[in-house]
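Here are the chains, one letter per residue:
2 protein chains.
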Amino acid sequence: MAAKKALSSLSRRERQIMEVLYREGRATASEVLERLPDPPGYSAVRALLRILEDKGQVRHAADGNRYVYEPRLSRDRAGRPALAGVLETFFDGSAEKAVAALLDLSRHELTDADLDRLSDLIEQARLEGR
Amino acid sequence: MAAKKALSSLSRRERQIMEVLYREGRATASEVLERLPDPPGYSAVRALLRILEDKGQVRHAADGNRYVYEPRLSRDRAGRPALAGVLETFFDGSAEKAVAALLDLSRHELTDADLDRLSDLIEQARLEGR
DNA sequence: CATCCAGTGCTAAAAATTTAGCATATGCGA
DNA sequence: TCGCATATGCTAAATTTTTAGCACTGGATG
Numbered sequence: 130m131a132a133k134k135a136l137s138s139l140s141r142r143e144r145q146i147m148e149v150l151y152r153e154g155r156a157t158a159s160e161v162l163e164r165l166p167d168p169p170g171y172s173a174v175r176a177l178l179r180i181l182e183d184k185g186q187v188r189h190a191a192d193g194n195r196y197v198y199e200p201r202l203s204r205d206r207a208g209r210p211a212l213a214g215v216l217e218t219f220f221d222g223s224a225e226k227a228v229a230a231l232l233d234l235s236r237h238e239l240t241d242a243d244l245d246r247l248s249d250l251i252e253q254a255r256l257e258g259r
Numbered sequence: 130m131a132a133k134k135a136l137s138s139l140s141r142r143e144r145q146i147m148e149v150l151y152r153e154g155r156a157t158a159s160e161v162l163e164r165l166p167d168p169p170g171y172s173a174v175r176a177l178l179r180i181l182e183d184k185g186q187v188r189h190a191a192d193g194n195r196y197v198y199e200p201r202l203s204r205d206r207a208g209r210p211a212l213a214g215v216l217e218t219f220f221d222g223s224a225e226k227a228v229a230a231l232l233d234l235s236r237h238e239l240t241d242a243d244l245d246r247l248s249d250l251i252e253q254a255r256l257e258g259r
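So the protein lines, in turn, are chains A and B.
Per the working numbering, the first sequence runs over residues 130 to 259.
Per the working numbering, the second sequence runs over residues 130 to 259.
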């Protein structure tokens with residue numbers, strides 16, 4: 130099914146719109162428009178949402194008299210391949226390198242409690258990985 | 130300068146080519162061609178490499194009688210924003226969620242030594258973060 | 001020598017993407 | 001009621017992207 134198709138095969142604008150939808154979880158066309166870099170007009174966004182729906186990447190639900198769009202594939206199901214792709218492309222597939230970069234990126238936001246949780250994740254992986 | 134421009138503003142094929150180049154570090158046009166999903170012809174790849182060079186994303190060096198292309202921005206300088214983007218788009222900006230997904234992705238490849246190194250990274254972050 | 005193969009520079013056409021605009025509908029406020 | 005703002009369905013044109021093809025070069029081979 131088309132919904133299984135990688136985000137990486139989408140065109141530039143399609144991809145930007147999918148990213149807005151994944152970030153927000155769901156959004157109306159006008160909300161998508163507000164959050165697009167270098168935004169086109171409203172009808173351009175709607176046309177692209179329709180295309181994405183035709184492609185099976187997006188679905189909409191009527192909310193009163195307007196449509197709310199959301200990705201058809203869950204965040205988890207889409208986020209993993211995206212993360213794996215970045216890992217492979219920029220980090221030699223190395224979790225260590227990626228975690229190092231992650232820690233660096235998040236440096237100013239991570240509390241001790243956060244770091245404890247990360248340590249716990251690693252311990253868990255250690256227990257489960259065998 | 131254009132080289133600072135985000136990979137996210139590239140078109141579909143341009144982006145695919147940049148990903149090949151980041152993955153391989155450097156490549157000739159024919160090597161890029163081999164590694165592209167749903168590859169076009171050789172001259173199509175060369176035309177796109179020239180466009181990417183015009184845009185400042187790529188440079189080439191003559192290697193004998195052929196050109197070897199590489200990204201102008203380093204892997205580190207390009208990989209961080211890419212990782213940050215995935216973090217924000219799919220993981221609410223949460224390092225914890227991303228690490229959990231990373232560990233899951235890498236589950237079958239991580240040795241105890243790898244996990245030790247990840248733990249060390251976290252300890253380092255703990256010491257440096259304050 | 002001629003031929004073949006792999007390469008480059010360049011162009012322009014084919015294809016895909018992006019965009020805006022029209023007709024229509026609905027809801028709200030004056 | 002009317003006017004305005006926001007919405008949808010739809011189309012097609014504008015724009016960008018992608019592609020292939022031509023002319024040429026250089027090296028290797030028979």
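Worth flagging that the hints you see were computed from the coordinates, not collected in a lab.
Mixed in with the good hints, there may be bad ones.
Any copy will do: because identical chains look the same in the list, a pair fits if it lies in one copy or spans two.
As the list claims (entries may be wrong) - Mimicking EDC-like on lysine to aspartate or glutamate, the simulated pairs with C-alpha atoms at most 16 Å apart in a straight line are: (1) LYS226 x GLU238; (2) LYS184 x ASP241; (3) LYS226 x ASP249; (4) LYS184 x ASP167; (5) LYS184 x ASP245; (6) LYS184 x GLU199; (7) LYS226 x ASP192; (8) LYS226 x ASP245.
Quick rundown of the hints versus the structure:
1. Taking the shortest Cα distances, LYS226 and GLU238 sit within 16 Å of each other only across copies (14 Å), while inside one copy they are farther apart (19 Å).
2. For a Cα distance limit of 16 Å, the shortest separation of LYS184 from ASP241 qualifies neither inside one copy, at 44 Å, nor across copies, at 43 Å.
3. Within a single copy, LYS226 and ASP249 get their C-alpha atoms only as close as 19 Å, which misses the 16 Å cut-off; across copies the closest is 12 Å, which meets it.
4. Taking the shortest Cα distances, LYS184 and ASP167 never come within 16 Å of each other, neither inside one copy (23 Å) nor across copies (18 Å).
5. Taking the shortest alpha-carbon separations for LYS184 and ASP245, neither the intra-copy value of 42 Å nor the inter-copy value of 44 Å comes in at or below 16 Å.
6. When the C-alpha separation of LYS184 and GLU199 is checked against a cutoff of 16 Å, the pair qualifies only within one copy, where the shortest distance is 13 Å, while the shortest distance between copies is 33 Å.
7. Proximity of LYS226 and ASP192 under a CA criterion of 16 Å is satisfied in neither setting, with 44 Å inside one chain copy and 30 Å between copies.
8. Only between protomers do LYS226 and ASP245 lie at most 16 Å apart by alpha-carbon distance; the minimum there is 13 Å, versus 19 Å within a single protomer.
Checked against the numbered hints given earlier, this structure breaks hints 2, 4, 5, 7; the rest are met.
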